[in-house]
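Grab the two chains, each in its own frame, and use the hints to assemble them into the complex.
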Amino acid sequence: MAAADPGSLDEIRALARIIDELDYYALLGVERKAQSHAVRLAYHAASRRFHPDAHRQFGEEARAAAERISKRVAEAYSVLRDPRRRILYDERLEKGGDANVRMPLVEANAEAGRRAAEDRGGKTPNGKRYFALAQADLARGDLVSATRNVFTALTFEPDNAFFKERLSELKATKK
Amino acid sequence: MAELAIGIDLGTSNSCVAIARAGGVEVLPNAYGESITASVVAFAEGGAITVGNAARANVIHDPHNTVSSSKRLIGRYFFSEEVKKARAICAYEIVEGPNHGVRIQVRGQQYSLPEISALILREMKQVAEAKLGQPVTKAVITVPAYFNDNQRQATKDAARIAGLEVLRMLNEPTAAALAYGFGKGLTQRVAIYDLGGGTFDISVLEIGKDVFEVLSTCGDTFLGGDDFDDRLIDQLADEFVAKQGINLRSDPYALEKLKVAAESAKRGLSLDDEVEIRIPDVVVGPDGKGRSLERRLTIQEYSSLVMDLIMRTFKVCDEALQQANLTTRDLAGVILVGGPTRLPLIRHAVRDYFQQEPKSDVNPDEVVALGAAIHASSLVQNSQDAYLLDVTSLSLRVGVAGGLAETVIDRNTPVPIEQTRLFTTFQDNQESVKIRVYQGESRQAAENELLGQFEFAGFRKARRGDVKIAVTFEIDSDGIVQVTARDPESGQTASTRITLSSGLSEEDLQKILAKNPVDNVVTATTPTPVQPASSRPGAAAAAVAAAAAARSSSASAAPSVAAAATATVSTAATAAAASSVVQPPRVAPTPPVAAPARVARPAPPPAPAPAPVAAAAPAIAPAEDEIEVLDEGDATLDLEIGGELPSDLSADLSSELPEELPDLPMLEPGDAEAAGGEAVLDDGPPLELDREELGGAPTAEGLDRSELEITGGYTAIPGAPAPRGDGLEVDDLGGAADEPVPLESADELFDRHRSADLSPHAASDVAVDLDVDVDLER
Chain A
1 MAAADPGSLD EIRALARIID ELDYYALLGV ERKAQSHAVR LAYHAASRRF
51 HPDAHRQFGE EARAAAERIS KRVAEAYSVL RDPRRRILYD ERLEKGGDAN
101 VRMPLVEANA EAGRRAAEDR GGKTPNGKRY FALAQADLAR GDLVSATRNV
151 FTALTFEPDN AFFKERLSEL KATKK
Chain B
1 MAELAIGIDL GTSNSCVAIA RAGGVEVLPN AYGESITASV VAFAEGGAIT
51 VGNAARANVI HDPHNTVSSS KRLIGRYFFS EEVKKARAIC AYEIVEGPNH
101 GVRIQVRGQQ YSLPEISALI LREMKQVAEA KLGQPVTKAV ITVPAYFNDN
151 QRQATKDAAR IAGLEVLRML NEPTAAALAY GFGKGLTQRV AIYDLGGGTF
201 DISVLEIGKD VFEVLSTCGD TFLGGDDFDD RLIDQLADEF VAKQGINLRS
251 DPYALEKLKV AAESAKRGLS LDDEVEIRIP DVVVGPDGKG RSLERRLTIQ
301 EYSSLVMDLI MRTFKVCDEA LQQANLTTRD LAGVILVGGP TRLPLIRHAV
351 RDYFQQEPKS DVNPDEVVAL GAAIHASSLV QNSQDAYLLD VTSLSLRVGV
401 AGGLAETVID RNTPVPIEQT RLFTTFQDNQ ESVKIRVYQG ESRQAAENEL
451 LGQFEFAGFR KARRGDVKIA VTFEIDSDGI VQVTARDPES GQTASTRITL
501 SSGLSEEDLQ KILAKNPVDN VVTATTPTPV QPASSRPGAA AAAVAAAAAA
551 RSSSASAAPS VAAAATATVS TAATAAAASS VVQPPRVAPT PPVAAPARVA
601 RPAPPPAPAP APVAAAAPAI APAEDEIEVL DEGDATLDLE IGGELPSDLS
651 ADLSSELPEE LPDLPMLEPG DAEAAGGEAV LDDGPPLELD REELGGAPTA
701 EGLDRSELEI TGGYTAIPGA PAPRGDGLEV DDLGGAADEP VPLESADELF
751 DRHRSADLSP HAASDVAVDL DVDVDLER
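Line order of the protein sequences matches chains A and B.
Note that the working numbering has the first sequence beginning at 1, numbered continuously upward.
Note that the working numbering has the second sequence beginning at 1, numbered continuously upward.
Everything labelled a hint here was simulated from the structure, so no lab data went into it.
Please note that a few of the clues may not be correct.
Mimicking DSS-like on lysine-lysine, the simulated pairs with C-alpha atoms at most 27 Å apart in a straight line are [what the hints assert, rightly or not]:
1. B:315 with B:359
2. A:33 with B:209
3. B:315 with A:171
4. B:156 with B:131
5. B:468 with A:95
6. B:315 with A:174
7. A:123 with A:33
Next up, chain B with everything else stripped away, as it sits in the complex (with noise of 0.2 Å):
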């Protein structure tokens, strides 16, 4: 049998495989005959694991075991605004693991980002094969361009875990633009559009021939499809307060309720111009009795909602073209991708923004795992008919002395690339240094993503300068990074693999992959049997939205009538006891693009194990103990915190966060000096004012004070102003060893700014952007 390798898009809400071979490229439904799965993992009682839209049916009766949106937080430090925000909003428990990373915590057990993925990719990899009839081991998947390497490694490792091998990390839009632009003999530039549930992209291509070559890429990670139901909730919850003085976001059910109504109007909305958003039963009021959410939306309103959130993807695209140096007039194609891009909203917006109408012949929610497949095939069989040259979509910086990040490759540079940079000792007799490498756009190395650090030793004792060691960054095609750190002298060289600072170790990685978590997992290779609608929760409230939602999940192909019934009973339920968008009646000429809503896609049968009794009552009438009215966006302020920021981190966060401020674990006093003095921020410039015009990049550097030690010269003057600690300083390649970095003078940076204002093409080497406001405070 030939060797099949899949394509996987491992997306934010949803998930997609698909396979190419000799008849050609095809999405492999799952067994409901769906072609995009739920990236949504429920946990029951006794152990049993769902994957998939039945997991997402569950969200709503029973939050606190249900994962959704997960990768949102994968390869994300414990601290960051991602994690923070994902903590006030979802249900289930995010608490602190190793080395500041992340662990979801459901019915007691800790799992880690990378683990929750796995069972995705699993649960894709049975979806393949239960298609293709054979086993697939290897796959092509797919990651955010604007992911950087905590992330990319971080979805490698799920991968591992789920036991595929991965040909290849492919960013999205590049993907997409081989799905689009694979075997056509185009030659033309396009512009990749796409904003998924979590992320948002934007890269320019120049399609010729066989080469599919990125010119720039830019992104935002903190954008989506999530952040527009995330406004909506908002706005629904803000009603709902005024009107019945209770506070939904306290309540996970109401929460829940209210994700997927917001989820169900936004999808409306991408049909009609009006939809009805009605919950039954909310939330109970302090009289015992059930309160209801009731509510007309125009597209109008929603516009002004979000419409903050679709200029920022413009702001993306701006940077985009002027890194390729490019103006939109010199693009022949726009392609949508990602499920919100079906928003008619979007789709004039972008339509403006580029001055032509997008692609209307790509599917917005397959063509990232057809591309993926593409390649995939081409890799596994040899066959290069397609030759894709992309580009590192971050800088890639090291630290050096004074709180700085010096860049080493330039972001939107081709890959793979490898960069040698010559550093010098900065102490008299140090025996060490310590190198951290960093990926992001600003000088400060405090405002990037630390991707790592290891200590390089061994090198003779010498005079500060004396001392030259190179160091070696790459990034390989999967834009992974790897750091050799190489004494000149006497050629050793450095233990080389960046320890990931939040991420898994190689022993982590072996352990789970001895316990193997995803053998629990219920395969959804055959629909069950049907439960009987009276067992499932709420379905006694079900009577309300039931026949609209059964009008369209009706209306949507099922794959069998055993299964069409299936849809009819558990949307029912579901719909019932969450929420339904109601449409106008004037419904019937559905775009054959645009798929149904999901709350009424036939939502496959319970798994038999999981049956979600328990959540039963809490969904309509909730426990005391489960639903206790906290302060507003605390819902899952029970964590534990563990670990330890620094505490000149957390003053310097609550300057900005003040109401966070709780929520920041505390340095004990001494724990600076006995990291040798080794201050963290203390002796930054003012970095409120430039991370806020960053985006708000996560504060990474230096929390790893648990592996921190203290070493080598710099560090042996405890509570001297030492510089950093990193022990570091770039020495002018060949030149004089004392010249310190290649240093824009501010007044430079200021001059080249303002330049970029007269024209923006002289500003495409501007390191630093100063006119980015991402609000990210919502």
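Next up, chain A with everything else stripped away, as it sits in the complex (with noise of 0.2 Å):
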């Protein structure tokens, strides 16, 4: 069995001190440019050093300060491992401040699906017309195609989640 490694007494002290300080980055130690499995990898290191389950014997202050710092990490974790969401904290965190290094989740939320409202369809007239082709191809049973357009209106965007993820729905289809 992998030896659990729970962070020390003194460390979970220190951290839940700076805790409102610290971005989700910081807080789960990836680069700000972290691939998501990577994401998912430090959310799980990061639960394993701050459980409180795993300090139940350091007593009720080391536990309750494990705990607070168990709920930023999950927050942590619940904006970084949705893409929409990740880019909405990217752009705060450019803002500064510390009042910035938090994300409510129902924000992310709200602003995420609208976002994904704006995506849908395409912002640039190419992007349009591309992704209107692909959905046509849809129609039509042409996933090949379908693939190739939406694969081109993301060249014209490549910031459109929306067309990320219909392009990696369709590879998985193919599959």
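Given below as structure tokens:
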């Protein structure tokens, strides 16, 4: 069995003290450009280190601190694991300031929803055109052509999360 | 002696206890060698209480005083659909308790649901203690993943009453995954398909090294093996009416016999393609002669009765996969949990849906308890060999102006979690706000489960919108919710704990702990001497089915010769008095996993005190006052109806359930005004449609009339179409004070939904799934 590696009491106390100044990346200990898989592994590692259950023997204070950190870790993961929420969070961090290191999940959700609605259908003339072609392909059941057209649409709108999702979906379907 | 902590799977139909020690993890069998114990409590005359399989055997003779499937009622409101359904089919009396809670009345005494569950937990604790030879005080207890906070709290209360310290409340599918993957060094994604007696859960997990991460979980707390039985009961009863003109549903004894027969038939059908249902003298006709029910049932017939229920589980599976952003192809395994999943019918459907054979090396009855035991052991020993990263299965919401409920924490968010939102006052000079907390997936407050409410006061009086109130919502690792309100200006913090609307108060709990009803429990640590068969009710009529029952009971492993003898005797009595499912002779090659039909299990001997003699006569020739033919389905209508519902609520419900109307207590006129004109549903958007689509979530909103007080500015204008009275508006965090909630416009919702039709993945955060169509009417 892999040995657990709970964080030390000092580490937990220190972290609990400065937690409001840490952004989600710092908290999980990943780079800003970390892949989603790395984010997940970091979440697992952080959960291991700060799991309140792993600090029962240190008494109530340590447990409470660990609980506090665990909650923030879960929050960080909730935001960073979702590509759309993560984009929003990155924008927030760009603004700077302590108030922006946290992002309420509801806000992230609503905003991500708004963005998704904007993304759908496309934002540039060419993006729109090729995505419409892809939809027509799909209606005919031509997955190959649909994939190609979504790919083309993405070259015009590389940031369109909606297109990206469609593309990965199409790829998965073809498999 | 090393400190031991057990894992308890507290199930709707059966419970199971397990322990993990140095030697490995194992189920602790009860005194009769059975690994699972029926979650049934029988109250005998004279105050003796029996729990377990002995109690289950009692249900036919004394249905009024035998409580089964109580888990379906725990943590529910009296007016909820589930309770209504239970009142129609349960012979024991279900009455309304304080704050619209549920109480069970047996032998003139009222028990709360946590008290009933405590009796079962206490029994499991004693089973463990007898086996381990030392006291046990700590446990991990499992609950369905889809249990809401009310249900979790109530279960926690039950443990406390039973004298158990709950180390952790674990979601059943998560426990199952732990038992399945623990120590195997797996790295894979699995789905846990958990169909229990009363609930259905599906969880998708990623197992990696020592981490068990729940990616998503969905469920239906109104769907379980009991519903399968109900279908068959209805079918049999309908046929009986057509043939004999007698309604079995109005006779509690006959109904219990039907229930036993339906369950046995279900079990029989997991072994064979055809069973014979035979209930001799199921009821006494007007001519004083007994009428029997006999029928062959094929697996095809059964399948057509329940297939829609099975399909309903797959709708939930769709949702879970969508939330996890996965397809069935991404799963490396499917694990079946719960007795009903033994049905080949379900196994095949699951195989077709997931496009793979479900794992067969998992015992669906024991896997949850085993997982709980593993977790219990790692908690008590501080050896963190496995980390469980679970999610919350229901969205947490707060009531805001306009009868809406704003999401604060979405479902499938990892726990533990904490979120703070800023709110503002709704009226000038408002003195207090009422904070209502809900769980559920509807934007309409009334369609979610009300967890509780509290009032926050003491902030400065100011114009509406000027005062900010920070409300913090926490969900801990047990899935228990805590809410705190704070005034950021003064730093003053409100009385925080949610007062449960239907649960037990701390005071109630203390009272219960003081009187300790569990002391009466007849413990079944050693099998008691066999009673002569002739003293058993129904034994006279035993002849018919005895042979078949005895055959299968002797086939099942009995702990000792004495117990085996007991088994034959009491089984014969049971089977004859109730029913028996006679399987075709070619039953021989019984797969080892499948438990023998329950009717034929070695039933423990009756406890010394509670000899159900009183019930003997009714079982065969019902006394007139006991069985009077009431209207269909109203076997328990002799209930007193206490408490009041708001009239507008009953009116609302009546449009949907006209025949239920007489059941609904009406609000006295004037109460609405007394409540400060705080209209409950009158300002609500068309609710009927939504409720139907959302599976009839119990309408909890605003029912806590008794506690309602007139406070604050918003109630000062009686008669005014006071918006909801929550007195809260969501303040856009840090934004313009009066900007309303980040509302999704109807268009947007529609738009998003439409895109969901195109591709399931786009809908991952659509909060209102308009496609869910859950049929509760049945």
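Inset, instruction - Give me the numbers of the hints this structure contradicts, sorted from smallest to largest. - result: Nothing - there is no hint that the structure violates, so all of them hold.
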